[in-house]
Every structure is written in C-alpha cells, then in structure tokens.
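Chains as they are written, first to last, in the working numbering: chain F, 1 to 310; chain D, 1 to 298; chain B, 1 to 249; chain R, 1 to 405.
By construction, these hints were calculated from the structure, which means they are not laboratory data. Wrong hints could be hidden among the right ones.
What the hints assert, rightly or not - Below, simulated DSSO-like cross-link-like pairs (lysine-lysine); rule was C-alpha separation at most 30 Å, straight line:
id, chain 1, residue 1, chain 2, residue 2
1, B, LYS15, D, LYS178
2, F, LYS198, B, LYS117
3, R, LYS138, R, LYS333
4, R, LYS326, R, LYS70
Said to hold, decoys possible - Covered stretches of chain F, as calculated for chain D (at least 3 residues, CB under 8 Å):
id, region
5, 95-109
6, 118-129
7, 240-247
8, 267-280
9, 287-293
Beta carbons: idealized from backbone N, C-alpha and C, even for Gly.
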Amino acid sequence: MVTKGRIGAYAGIIFLLALPLFFPRFYVYIASLILLYGLLATSLNFVLGFGGIYQFHHCVFYGAGAYGAALMLTKTGFSPWVGFIVGPLVAALLSLILGLICIRLSKLYFGMLQISLGSLVWAVIYRWYSLTGGDDGIHGISVPDMIASANGAYYFALIVTGLSFFIIFKILKSPFGSVLQGIRDNPIRSEMIGVNVKRHQLAALVISGFFAGVAGVLFVVVDTTVFPDMLFWTLSMEVMIMCLLGGWFTFMGPILGAALIVLLRTFISTYTVYWALFLGIVLMIIIFFLPNGVLGYFQEKFRPKKLVKG
Amino acid sequence: MDFIYTFLSPGVLSQIFVGLSRTVILFIVASGLSLILGVLRIPNVFHGSLYMIGAFMAYTICSVVGGDAGFWLALIGAPIGVGLVSLATERGLFQYLYEREHIMLILFTFAISLVFGDLVKIVWGAEYKSVPVPQVFQGFVPLFGGLPFPRYNMFLLFMGPVVAIALWFLVNKTKIGKISQAAAVDREMVGAVGINVSWVFATVFVIGCFLAGLGGALVAPTVSVTLGMDHSLIIEAFLIVIMGGLGNIWGALLGALIFGLTQSLGILIWPQFGIVFPYLAVIVVLLFRPTGLLKSTW
Amino acid sequence: MLQVKSLTKTFGGFKAVNGANLDVKKGEIIAVIGPNGAGKTTLFNLITGILKPDSGQVFFKNEDITGLPPYIVCKKRISRSFQVVNVFQRRTVFENVQVSVLARENKTWNLFTPSKKLVIEETNRILESVGLIDKGDDISAALSHGDRKVLEIAMALGGNPEFLILDEPTAGMAAEETDRCIDLIKQLSEKMGLTILFCEHDMELVFSISDRIMVMVRGSTIIQGSCEEVRCNEAVQDAYLGGSDVCLM
Amino acid sequence: MKKTAWFSVFLVSIVGLFLICPSSYAAGTIKVGIVDTYTGPATAYTQDVLDGFKLAVEKINAKGGVLGKKIEYTTRDEKFKPDIGLSMAKELILKEKVDVLMGTINSGTALAVSDLAKKEQIPFFVTYAKSEKIIGEKGHRYVFNMNENTEMAGRAAAVALAKKPYIKYWIAGDDYEYGHAIADAIMNNLKRLNPKVQKIGESWWKLGEPDFTPYITQMLAAKPDFIIIATGGSGMVNFQKAAKATGLSQNIPFYQHTGNELGTLMPQGKDAPEGVYGTANYLFYFPESPANKAFVDEFKTAYKRYPKASALVGYMTAQFIAEGFKKAGKVDKEAFIKALEGMTLPSPVGPLAIRACDHQLELPTYFGVTKRDPKYVFLVSGDNQIVPPKNYMPTCEEVLKLRKK
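Between the sequences and the hints, there should be enough to build the whole structure, so can you do that?
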C-alpha cells in the first residue's frame with residue numbers, strides 16, 4: 001500500500017513537472033493559479049482546520065504579501081528576489097499585529113474582530129493612493145526574466161508551493177502541529193496539559209500569515225499585478241470555501257478545493273454569465289451532502305475504522 | 001433650543017439626527033440577523049440578499065399599484081414576500097443543518113447569497129430601480145437653525161421605535177417569543193416538553209428575515225435600488241450584532257446607534273477617513289468587551 | 001501539599017464557591033463530596049487556574065499558585081481530568097497522550113522533528129499502565145465512554161504529576177468499567193505515589209478508596225475529615241438526608 | 001493510501017471535464033472577446049454596451065460580415081474583480097485565441113487587461129472604464145479607448161462651467177479613484193480657465209454610501225456658490241434623491257458628470273430633481289439628427305428601451321472593429337491597428353474619429369441641465385450645449401508626455 005502511494009505521489013510530481021511540455025499556455029497558467037490558491041487555502045487551513053481558529057479575513061495577509069512584494073519591486077531599487085522575501089515577512093508581521101489584538105477572543109468573535117481589522121487594512125490600501133495606486137492597483141510589475149514567461153512563472157510557483165507544502169506538512173507532523181491540533185479539538189484541555197494556548201495560536205497565525213504572503217508573491221509573479229480586491233472580505237470567504245469544500249481536516253483538501261473552485265469558475269464562465277449562480281448551487285450541494293468536504297468524505301468512506309463520530 | 005446650541009452646533013445636531021435615521025435601517029436589519037443568530041445559531045450571510053430582495057419587491061409593488069397606496073402596500077407586502085422566500089429556504093434547506101459547525105453555515109449562507117444575487121438579476125434585470133417617496137413625506141422640514149431634514153427620515157425615526165417595541169413585545173410577551181428564548185438556551189429541553197422546536201425555529205427565522213425585508217422596503221425610497229446593495233450592508237449588520245452581543249436585540253439597537261452615529265459624526269471629525277470610524281468603534285468595543293456590550297445569548 | 005484557604009468565586013451574584021478550605025497531605029487520596037451544584041467542579045477549576053478566584057488563596061508545596069494560568073499550574077506538576085469527557089477527539093489515543101508528554105517535556109515549540117519519532121516509549125508506558133495500549137491507533141472520538149474517561153486520566157498522567165485531580169472519574173461508567181477505574185486509581189496512589197484529589201457521587205467508591213473526605217454544600221466546606229468523622233456528621237446528614245440520624249452508608 | 005488514488009481520479013476527471021470544454025467560437029470567424037462586469041450595480045451600464053455592440057454586429061453579419069467572415073463574440077462576467085477579469089482575459093486570448101478584446105467598466109481590470117494586451121499583442125478596446133491612465137500614463141500601441149476618460153470629462157465640464165459666474169466651489173464625491181480623478185480634473189481646469197475660482201471645502205464618502213443627507217447638511221452649512229459632485233454608478237441616483245429630499249437642488253446649483261444622462265434620470269422617473277447640471281457623451285433625444293433617431297429606433301425595437309451613452313460606445317466599437325479589418329484587408333492585428341489610427345466613421349452623434357497618436361475616440365460632450373419634458377416619463381437634459389472634442393480634449397503632446405513619465 002505504501003509503495004503504491006509512493007508511486008502515485010511520484011507520478012503526480014512528474015505530471016506536474018512535465019505539464020508545460022504537453023499542455024498549451026493557458027492550462028499552464030490555470031495550473032499556476034491552482035497552485036497559488038492551493039497554497040493560500042492551505043495556509044488558511046493551517047489555522048482553520050488544524051488550529052481551530054476562525055480566521056475569517058485571511059486574504060489580508062495574502063494582499064499584504066502581494067503589496068509588500070509589488071511595492072518593493074516598483075518603488076525601490078532592490079533586487080526583485082529581495083521583494084519576494086519582504087512580501088511574506090510583511091504579511092507575517094501584519095499577522096502578528098492583528099493576532100495580538102484578536103487572540104483574546106475566540107471563535108465567531110475572533111473572526112468578526114478580524115474582519116473589522118482586515119477591513120481597516122483594506123481601507124488604508126484602498127485610500128492611500130500615492131503609495132498603492134488606490135482601487136486601480138499596480139500593473140505591469142516587471143519580474144526577473146527567468147520567471148517572467150508563463151512556463152517560468154509556473155515552475156517558480158511549483159517550486160515555491162512545493163517547498164511551502166512540504167514545510168507546512170512538516171510543521172503539522174511536528175510536536176507543534178500535534179499541539180495545534182490538540183488546541184483545535186480542546187483548548188481547555190490543552191491548557192491543562194501545560195500548553196500556553198494563546199502563544200501557540202499566535203505562532204500558528206504568524207506562520208499562516210507568512211505562507212499567505214508567499215501566495216501573494218506568487219500572484220504578483222503569475223499575474224504581474226496587485227489590486228485592493230485581494231484584501232476584500234469576499235475573497236476570504238472564497239478561500240474559506242476552498243478549505244471546506246476539499247475537506248478542512250485533511251492536508252490535501254484545501255488544494256483540491258482550490259483546484260475545484262478555479263476550474264469550476266473557468267469552466268462555467270465559458271458557458272454562462274450566471275456562473276456565480278451555478279457555483280453557489282454546487283457549493284450548497286457539497287456542503288449539504290458532504291459536511292467534511294470532498295476529501296473528508298473519501299477518507300471517511302475508505303477508512304471506516306477511524307470514522308469520526310459527532 | 002438655544003441652550004442646546006451652546007453645546008452642539010446646529011450642524012452637529014442635524015448630523016446626529018441623520019445618523020439616527022440611518023441607525024433605524026441598520027437596527028431593523030441587524031435585529032433580524034441577531035434574532036436568527038441568537039435562537040437558531042445561524043450566521044445568516046444572505047440576510048443582506050433578503051434586504052436587497054425586499055427593496056426590489058417594494059419597487060415591483062410600488063410600480064404595479066402606484067401612488068401612495070403602493071408605498072404602504074409595499075411596506076407590508078415586500079417583507080411578507082421576503083418572509084415567504086425565507087420560509088422556503090428554511091424548510092427546504094436549513095432545517096437539516098442546525099447541528100452543523102458555524103463556519104459551515106456561514107459558507108452555506110454565503111453560497112445562497114451568490115445564488116440570490118444572480119436570481120435577482122434574472123428576475124429584475126440590471127437597470128437601476130427607484131421607489132418614489134410617498135407624497136406625505138416629500139420635501140423636508142427646516143430643523144436646527146434652518147438646516148433641512150427630509151420628512152421621510154422623520155418617518156424612519158418614527159419607525160425605529162415602533163419596530164423595537166413590536167420586537168420587545170414579540171420576544172417577551174408572546175408565547176412564541178418565550179419558547180424561542182428558552183430554545184435559544186436549551187434546545188433539547190424545549191423539545192422534551194413536547195413543543196415542535198423545528199417549527200418554532202422556522203417561525204423565528206421567518207420573523208428575522210421579515211425584518212430584513214422591512215429594512216429593504218424602508219430604505220428603497222431613499223436610494224436607488226440596485227444589484228449589489230446587499231454587499232456593504234451585510235458586513236455592517238454583522239459588526240453591529242457582534243458589537244451589541246450575539247442574539248441580543250437591544251444589543252443590536254445599541255450597536256446600530258454606535259455604528260450610525262460614529263459614521264455620521266466621523267465625517268465631521270475627519271472627512272477623508274470617515275469610513276474608518278465605525279470599524280474603529282467595533283475594534284474598541286471588542287477590545288474592552290470581548291463578547292459585546294450587552295449579554296449574549298450564546 | 002495543597003492548601004486551599006477560604007476560596008471564593010461568584011458568577012453574576014451566584015456564589016459558586018464561598019469560602020472553601022482544603023488541606024491535602026502528600027500521598028493521600030482525598031474525596032470531595034457534596035450535592036449537585038455544591039461547587040466541586042468550580043473548586044477544581046479554581047485550583048487549576050481555569051477560573052480566577054475572587055478571593056482566597058491556593059498553595060501548592062508552600063508556593064502561592066492562586067490565579068496562575070492552567071499551563072503554569074500544570075508545570076508545577078498538578079494534572080487533572082474533567083467531568084465531561086475532554087479529549088482531543090479527532091486524534092488517536094496515542095497522539096492524545098503523546099501531546100501531553102510533549103508538553104511536559106517542553107517540546108511543543110519543535111517545528112520540524114516529526115512527532116512520531118519523539119517520546120514514544122514514555123507514551124506507550126502510560127498507555128500500558130492504564131490499559132489502553134491496544135487501542136493506541138483508534139480515533140479517540142470512536143472510543144467507548146469508559147475508555148475515554150480512562151484516556152482522560154492517561155492524558156493527565158502524561159504531565160508526570162505529583163498531584164492528580166479527578167473530576168467524577170467514574171461518571172457514566174458501566175459497573176465493570178467502574179471497578180477497573182477504581183483499581184487504576186488505587187494503583188496510581190500505591191505504585192506511583194501520587195496524591196489524588198477527586199470528587200464523586202458514588203459513595204461506595206468514595207468510602208472505599210479515600211483516606212479523607214471533604215464535604216461541600218453551597219460552595220462552602222462543611223467538614224474535612226476521615227471517613228468516620230464525615231459519615232455521622234450532623235451537617236452532612238442535613239445536606240444529604242434532610243437531617244435524619246442515620247449515618248451515611 | 002486509497003485516498004491518494006481517489007484523489008487523483010477525482011482530479012483527473014475534473015481536469016478532463018475542463019479540457020473537453022468546447023470552444024465558444026466557430027471556425028473561420030473574427031473573434032471578439034468581451035470581459036465585463038455583469039453583476040452588481042455596474043450592470044446597468046455594461047448591459048447597454050453589450051446590447052449596442054450586439055445590434056451593430058448583427059447588422060454587419062447580416063450584410064455578410066467582414067472579409068467574408070462573420071464577427072463572433074463571447075462574454076465573460078468578471079464580477080468587478082480585477083483578478084478574475086484578468087484570468088478571463090487570459091482564457092480568451094490563450095484558449096479561445098480571440099482576435100480582439102474589449103470591455104470592462106472597472107478601471108482596475110481595464111488597466112490589468114491592457115497590460116496583458118500589450119504583452120500578448122492583442123488589440124484591446126476599453127468600453128466604459130474611465131481612468132485617464134488607460135491611454136495616458138499606461139497607454140500603448142494595442143489599447144484603444146472608446147469612451148471618454150476622467151480628464152476629458154473634467155475638461156469638458158470646466159469649459160462649460162468657466163462661463164458661469166460662480167466663485168466659491170465645494171467638491172464632494174465617491175472616495176475612490178474615479179471620484180477624485182474627475183473632481184481634480186474639473187477643479188484644475190476650472191482654475192486654469194477662470195483664476196478667480198476657489199475651493200472652499202470638500203467632502204468624500206465611501207463608494208456605495210446609501211445616505212447622503214449628512215454630507216448635504218455639511219455643504220448647506222458652508223454655503224458655497226456651486227457644488228461639484230463626483231459620483232459614479234448608483235451614487236448618481238442616490239445623491240439626486242437625497243438632493244431632492246433635502247432641498248439642496250433648490251438652494252445651491254450643483255453639477256454631476258453624467259447627471260443629465262439617461263442612466264441617472266430614468267430610474268427616478270418624474271421624481272428626479274430639476275436644475276441639476278450635468279455632462280454626457282450621448283443623449284438619445286439630442287441632437288435631433290436623422291442618424292440619431294435611426295439608432296434610437298433600432299435600439300428601441302430590439303431591446304424595448306432607450307439607449308444610454310454606453311450603448312453608443314458598444315455600437316461604435318463594433319463598427320470600428322468591422323471597418324478596421326475591412327480597411328486592413330486581412331485578419332492581421334498590426335494592419336488592423338494601423339487601419340484604425342485616424343479612422344473616422346459616421347455615428348448617431350456625427351462623425352467620430354480615433355486619434356492616431358493616443359488611440360482615443362474623439363467624442364462630443366453635451367452640457368445641460370435637468371428639466372421635465374411632457375414627452376417622457378422621466379426628466380431630460382435641457383438647454384443642451386455641445387462641447388466639441390477639439391475644445392476640450394487633451395492634446396497629443398499632453399498625453400504622450402504622460403506616457404513618457
């Protein structure tokens with residue numbers, strides 16, 4: 001069984017590496033988008049599905065990372081690679097600040113306070129015209145030649161997301177990850193076995209913010225633009241949907257969810273302008289019948305021994 | 001009056017009054033949201049869509065009936081229409097979902113709001129719609145040093161307390177109100193004494209949505225009825241409910257007051273960044289009262 | 001070892017704990033009894049830092065631990081189980097206990113070593129001692145009620161405590177499970193030398209294993225003494241039996 | 001590890017579904033891809049662009065198309081979100097291989113797609129986004145603006161307002177790029193044309209603000225001579241309603257760009273305020289030329305409503321695309337662009353030209369004031385004066401200087 005899984009994983013990696021050789025440019029572009037949204041959703045799921053923190057406005061960090069990198073690239077003379085590192089750091093810092101304010105609250109209250117704070121960040125970016133270009137955004141950001149082409153951007157996204165997924169996976173399997181999942185299941189119990197819950201949650205938020213920032217940087221590389229809409233709450237909702245759709249207690253779930261949403265959006269919109277209607281209906285059906293998400297459903301179905309009840 | 005003017009200039013006073021009429025709409029919508037949150041525990045994201053549908057229904061009724069009668073009919077008909085829509089969604093979908101995680105419900109209702117957004121476009125089309133202000137409320141009254149105050153806003157100021165008192169009566173003095181209060185605290189117990197909890201929830205849900213429709217119908221004459229009018233409102237309504245304390249109707253009133261007033265007075269203090277004041281108010285409130293100003297039913 | 005001095009906690013006017021006193025010596029098994037709503041669980045929450053007392057003090061090994069947060073209390077080697085089952089329900093039994101051991105060994109900030117390579121022996125030893133070793137790979141939500149209660153105790157043991165607080169360890173258990181649990185508690189006390197504070201409604205269990213008993217009524221300590229002292233105490237009879245002259249049990 | 005297997009099966013089937021998704025176009029046609037917002041308040045304008053475009057395309061195709069090929073188009077709803085719009089534009093270019101892109105009311109999307117069009121070398125017709133940057137600072141060979149921009153609108157308004165006796169101006173508007181740009185353009189040009197003019201104050205509200213009364217009381221208290229309101233979309237109607245309810249329209253004259261336009265006045269019916277100054281690029285009842293009447297009749301027969309300014313934009317874009325290819329003689333993008341530069345076509349509002357230097361369509365502007373008209377169930381623009389393009393358009397030098405920056 002294990003070897004079969006290994007073979008599957010290697011086949012997947014080879015498929016992803018060879019993708020630009022066989023598919024036209026558009027599909028390479030869509031694949032890059034899936035990778036970056038997959039990373040964004042996974043970074044959210046790190047705190048949502050594994051940390052039990054209701055991070056309602058995750059996209060603030062995605063946008064912060066993107067703007068951080070975009071501003072470094074357009075307004076300063078540093079090497080673009082420096083910008084790519086600064087972006088996630090800005091996101092992590094912002095995540096720390098927002099986390100320090102919100103962490104005292106729990107669940108829905110945490111989420112709502114986060115939405116208000118996030119909306120403030122959005123308003124600042126939206127209003128600070130001289131720095132951020134206001135609602136028009138920043139366009140035509142030039143990235144290094146190596147990663148400027150569609151294939152280059154794809155490979156860059158593939159390497160970065162692959163590395164990020166690996167790191168996040170590692171963290172989840174580490175003692176820190178164990179503690180985090182413990183906190184999700186039962187914060188009071190976690191305190192009582194000697195875990196400083198708030199501090200661990202805060203660290204998780206910072207890590208999550210950092211990787212959201214990485215996803216933001218990838219957006220800059222893939223689409224060479226940034227917009228204030230990247231920090232608007234509706235996008236955060238969509239990312240949350242990606243997590244739940246794929247399965248928020250699974251590692252691969254959010255990636256699958258991201259792939260589903262991106263593909264459905266592209267696929268349905270070629271047929272009808274009412275794609276939101278169909279997307280909404282598909283989502284309703286999935287949430288209605290598969291409460292643990294698509295991947296969660298398969299996991300339940302094929303591993304009855306570890307079935308999670310109530 | 002002159003005595004008051006020594007403390008507050010006529011401009012500030014009129015700003016406060018205008019803020020209050022905005023408060024009324026926010027309160028009506030947010031109280032419905034709060035009711036649903038408190039009793040059913042559903043964070044209803046498509047509450048905003050219902051508000052929009054209420055406004056569109058008001059438009060349809062007004063343009064079919066015409067004149068002042070159309071307006072009054074719309075004021076009753078549109079919320080009832082919205083109530084029927086919500087009854088269908090509750091019976092068809094939500095009654096199976098009460099035990100789900102909140103976050104699932106949020107996303108489920110978000111999905112419904114996507115569907116409703118497009119359905120409204122299919123039914124009513126893309127053009128801006130406008131509901132005329134009824135004859136009785138046209139024009140304005142000079143208030144506070146002659147600054148004009150629209151008569152319709154006076155009507156709104158009257159409607160606010162009416163709705164608040166009606167809600168108070170409903171929640172505290174009627175059987176359904178008492179049952180729903182009990183159900184909010186302990187669902188199983190209410191079920192155990194032989195009450196059909198499912199229908200109690202349906203009723204509360206419809207009442208909450210009725211309020212969203214009423215808000216939409218009331219706001220319709222003051223704005224252009226357009227697609228997407230739900231977007232900004234729903235976040236504001238949620239913040240108000242959170243600020244006031246989940247499920248607490250008086251909290252919704254207090255939250256709406258704070259929200260409406262910080263918005264209108266913020267403009268006086270710092271016009272360029274008037275937009276951030278209500279958000280700042282929410283942050284300040286939640287920092288000092290993490291579970292809202294008044295007692296939450298959660 | 002543990003002294004509680006006139007501890008008070010009020011919830012919106014209701015005095016849940018009102019001047020509770022308790023004195024526990026090393027190696028003892030102490031039971032707290034009292035009718036429902038007497039404030040036993042609140043008392044435990046106050047000792048372990050989940051709630052902050054309004055007044056009064058808690059000393060552990062002559063050190064003031066009043067109002068310290070739970071994770072610090074835990075580091076002083078006080079562990080507890082909960083009345084309502086409180087385990088990490090999406091994780092396996094093994095992981096549940098392992099987290100507890102990891103937390104005690106301050107390894108929770110380790111981000112990159114796979115947990116499956118850490119503290120395996122220690123975790124297995126604890127699972128062995130409570131008899132859950134066979135179920136190590138089960139998701140804890142799928143366990144029977146009794147097993148979950150035992151898992152609770154196992155998690156508490158993960159913190160390598162000197163002082164163990166058990167909140168109704170046998171509540172809801174079937175008869176044979178209760179027996180197993182009693183054995184477990186006795187073992188912990190005898191073999192590992194733990195000091196144990198527990199509350200329980202099952203009087204048989206209380207009188208069979210405890211060294212001393214503390215009786216709480218309406219948030220206050222009525223008496224703390226040996227089983228014999230408590231059994232025929234008038235106030236206790238008042239509280240439990242409405243003032244008859246019959247000794248308890 | 002079964003889940004990995006299932007996971008891959010699932011993913012492959014989704015990808016497969018996506019790959020077999022058919023092309024939206026038939027072969028051997030000229031393909032036009034439209035990315036625009038068809039959700040939310042903006043739809044009131046974008047629907048007219050599309051319908052105007054459709055009208056012209058159907059006429060062209062009925063006559064046998066261009067170069068023996070039919071013009072085909074497909075739409076994508078970007079929902080006013082630039083990231084979605086951009087990925088849709090990429091889909092149209094890379095997968096559908098469109099010959100021409102057009103669309104969008106959202107300046108953010110327009111700029112992003114314009115940047116893409118430049119890289120992919122696809123002609124892009126901006127239909128209703130009004131950012132000055134589109135052909136200014138960010139302008140390039142492949143982008144065409146078929147609509148006025150904020151600078152043009154501001155200059156046209158300034159030309160008309162400079163003749164009025166007002167001195168003390170108050171500025172207010174939607175607090176976003178469009179509002180500020182249009183207000184700045186009016187004020188800067190007004191000061192240039194009439195140095196006595198001064199700004200005594202300003203107020204800005206968030207986009208989509210539902211209640212304007214507080215702002216209006218603030219303005220009334222300040223007692224300016226004239227107010228310039230820089231709003232867009234639903235804000236236009238909302239403000240006029242509030243202006244009527246508070247009596248602002250009777251006390252202080254104010255100007256709104258597109259305030260006299262059908263899109264603003266029709267929804268309000270007879271209840272719109274009278275005496276509001278406005279500018280518009282198109283009025284279906286003015287000028288009363290046969291060409292205009294013919295277009296209005298045609299549009300009205302097809303869609304049962306009067307055309308708005310955006311309908312004219314869509315209508316003319318289709319004709320320019322058709323004539324561009326006809327003149328180029330082949331479906332070749334470079335030749336097409338060359339052909340369009342300087343091209344003049346007859347239109348409902350008289351001959352319209354695409355300026356060679358910056359690819360801006362030269363549109364006339366109508367300055368008027370709202371009044372009742374017994375012929376219609378809504379208010380119309382009266383006392384219309386035409387501001388011809390040459391009187392207000394920025395010169396080629398001015399635009400090209402922006403590009404160099």
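Here is what the structure says about each hint:
1. LYS15/B - LYS178/D: Measuring from Cα to Cα gives roughly 28 Å; hence the hint holds.
2. LYS198/F - LYS117/B: holds (26 Å)
3. LYS138/R - LYS333/R: Distance of about 20 Å is within 30 Å: holds.
4. LYS326/R - LYS70/R: Holds. LYS326/R to LYS70/R sits at ~12 Å (cutoff 30 Å).
5. 95-109: holds (count 6)
6. 118-129: holds (count 4)
7. 240-247: Three-residue rule met by the region 240-247 of chain F, so holds; n is 3.
8. 267-280: It holds: at least three residues are needed, and the region 267-280 of chain F offers 5 whose Cβ sits within less than 8 Å of chain D.
9. 287-293: holds (count 3)
Hint check: no violations occur; every hint is consistent with the structure.
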